[in-house]
Amino acid sequence: MSRELDRRRFLRIAGTGLGAGALYTVWPTLGRFAEAGELARRLGKETGEAPTPFTFVQLSDAHVGFDGPVGTRAFEKAVDIINGLPTTPDLVLFTGDLTHDTEKAGEHASRMTRFQEISARLRVAKVHHVAGEHDAGLDGGDLYRSVFGPTFYSFDHRGVHFVALDNVSRARPEVGAEQRAWLMKDLARFDKTTPIVVFTHRPLFDLRPDWEWFTSDGDEVMTILAPYENVTVLYGHIHREDHHALGRARHHAARSLCFAFPDPETTEDKKAIPFDKGEPFKGLGLRLVDRHPGAPGAAALQVRDVELAMSEYSGTEGFNQILRPATF
Amino acid sequence: MTRQTFVSLAAGAAATAVLAGGSTAARAQEPRVVVITARRFEFVPNQITLVEGETVKLQLRSEDVTHGLFIRPLGIDQDIAPGRTTEITLTPRQPGSYRAICDHFCGAGHGAMKMTILVVDPPVAGGGGASAR
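So the sequences go chain by chain: A and B. Per our numbering, residue 1 is the first one in the first sequence, and the count goes up by one each step. Per our numbering, residue 1 is the first one in the second sequence, and the count goes up by one each step.
One chain only, chain B, in its complex shape (with noise of 0.2 Å):
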């Protein structure tokens, strides 16, 4: 992990109902959901975009066999295993552009499974759009 993105890893329900408290207050916190679903032998969708500091959950599934989701500035080396739903929490820290590839050994068309997980500055408040640096 590095010091610049906080990760954590949990599977399925029983991270929910941590992160998710029961109250209120917890609920009005709950990260975003982004679903990230790896098949043979790509990741749908092939980019997704963060914004910087914000808190996301990435819910991981596999269509077929085991995947792997691998992104070393991020500190991400998870196994998506199929059946289950594998989730991931994630608090962005650096705006760039980061690769993500399996590294879990799925078949012929392994070397070329790969994604963009694009992270963005903040909105200014009362200014433009957000863009990664």
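Chain A on its own, in the form it takes in the complex (with noise of 0.2 Å):
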């Protein structure tokens, strides 16, 4: 068996989609392979670290201000779901609209505050997070970046090279040139068998561009990943779950924490699910898919070099379906 094969089966991500978020687990399949040990110096060589199994969580548009039935609670109750998983979480990466946007004096700002102190009850070791064109658009970003820091950063983790990507600050659904420079000198430093988590808030990819469900130089961004054979991009905008996979490449779309809009293929116009009281958290609740080789669907989560498999709850009734997981 060459190095290569055995470096592409080295590291393997199974997602459990939370449904108002979705929890991943990365572990190496040391003991496996005959030179387990020589690919696990070698990725630690490059990242810093030496990887080990962890287990992260991706959260997505909580629109903290939003004047909505949901307020936030659905935030709120992700929380308390990822405090009382059996696995804590190494990391927590939000995905974008942390906060609605408002031009009423300081509104802005307390709003942000108040994402900080719910964000702050969880229990986990780091929370990293991107902006969303509701955080960032306005302004260019500045307020964002005197509260969260950087728009677009990148750190390693565990022998997981982690980039964050904005592609929202500059108003347009776009990364910029700047950005994609930075982008390729930053993962110039990696083997093309690294694996790579891009964590960003809009699709790189055209999902529906006349809902603005793109980027508009996604392509150029997926080109200077493409050599990279372990990418997975999460994302989220698109307040439902979505799963893609597109060269080589895995994205995958979280829930919203606020409201969820229908399924793109089915309606022509961008509406919001309506709210039903009787089902508050509906398409925002907690899905179960346990990975199942060779059935239906499975193909498209199955990646050579990453293995992604996804194990949601329901979230067609509501947070209550947590126990009663359904599988298909």
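Zero decoy hints are in this set.
Derived pair list, reagent style DSSO-like, types lysine-lysine, alpha-carbon separation capped at 30 Å:
1. A:Lys270 / B:Lys114
2. A:Lys271 / A:Lys104
3. A:Lys271 / B:Lys114
4. A:Lys126 / A:Lys185
5. B:Lys57 / B:Lys114
6. A:Lys192 / A:Lys126
7. A:Lys126 / A:Lys77
8. A:Lys77 / A:Lys104
9. A:Lys270 / B:Lys57
10. A:Lys77 / A:Lys270
11. A:Lys77 / A:Lys271
12. B:Lys114 / A:Lys104
What the hints contain is simulated information worked out from the structure, not anything from laboratory work.
Grab the two chains, each in its own frame, and use the hints to assemble them into the complex.
Right under this line is the structure:
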């Protein structure tokens, strides 16, 4: 077996979609291959830390301050669920629209403070954010940076390279030449098989352009990432779960913590799914999907390099579904 | 830009001068002008009708902040800055109904800011009116 093949199988990522977010488990298949020790050392050298098992959670689109019936209840519930997970995640990645925009003086800053108050309840080691257009679209990201820090950055964690990309603060759905140049430089030190997780707000491909579900220079970003064999892109913005495999990269959207959008394949108009008092978390709930190799639909989640298996709790009937998982 | 559409972008008087050319013949071929005004959170008008193969000049203006006009199938992705007129010369090649959106985030109602560009078949000589397929 070639070293390249071993490395492709070396690190696996399994995702457990929480509906109101997604839980990912990363573990190296140490001991399964003769060269595992050498591979661990190589990855450790590239990312500064040898790969070891860990989990992380993706949350998205809380829109704190949005005048809707759910308010911050879904966000707060998600925090409770994460704190109750049997395995404490190492990280929480928040993929934008932490807050809802407002032009009332001082109010947007208050909403960011409120977001931080709720987020601070998370009993995890580290929370990372990217901005959504509702956080950073009106002022070029100035307020966001003053509260949360840079809008794009990268870090390494247990053998995985994480890249936060900003495709909102230029007001238009684009990353921009400056950030693309930074990305090329940021990735240059890595071997092509290094596991890379990109997290951003808008999809980096044309999911539904006339709903503004795209990034205008997303193709150029993905061209920069194309040489890398283990790329997973996590995003939000579309307020619904979605999975696409494009080239060697896998793209996964997490649900919103505020309101849900419908399936763009089934409707022309981009209108939020109406709130249902009887099912307040409809579309925001938890779903469980166990990946069954060979089962219909499972193939799309299988990756050669970073294997992503999704498990999600049914969101169609609310958070109480967590104890009554449906598999399909 | 798609193969179906020819679009040229220019700003203000410079483009007008080039297109007009100053001659009588050139003036006779000047495209029809369609004015679209953008303001939070609407386009006015919110629907225009164009004819397949007819070159038109879209004059885009903003009454307040910077907006965008984005129509992927027609190859249009244009910022509309306040205080000036931005022109797009367009020759639609494919009849249909195209949704245009503002893709420059402009505030809380941004997501609902859209309009329709209807491209219809050219009228048949001696026949009935134009229609979108």
